[in-house]
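The sequence shown maps to residues 1 to 71 in my numbering.
Just so you know, the hints here were simulated from the structure itself, not pulled from any lab data. Be careful, since some hints might not be right.
[As the list claims (entries may be wrong)] Quick list of in silico lysine-lysine cross-link-like pairs, DSS-like style, CA-CA up to 25 Å:
id : residue 1 : residue 2
1  : Lys30     : Lys50
2  : Lys58     : Lys30
3  : Lys38     : Lys50
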Amino acid sequence: MEIGRILPTEAAMILNVSPQFVRVGMQQGKLPIGTAIKMSSIWTYHISEKLLQEYSGKDVSQELERIRGKE
């Protein structure tokens with residue numbers, strides 16, 4: 001399965017936390033699952049499948065299949 005972009009909301013579901021927790025944690029450099037960059041006044045997030053998998057201990061592609069299958 002091609003994962004593509006992982007959204008903060010999806011990462012939050014995998015980690016069982018709020019999307020705000022993911023966004024703020026990444027902005028502060030305290031959640032090591034990718035990069036948060038402020039472009040003008042808007043934050044942009046790149047969440048790494050590998051880093052999210054290492055941090056969560058879960059099979060990210062399997063979790064995303066479960067999450068995205070609901071839509």
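Index of numbered hints that the structure contradicts, given in increasing order: none
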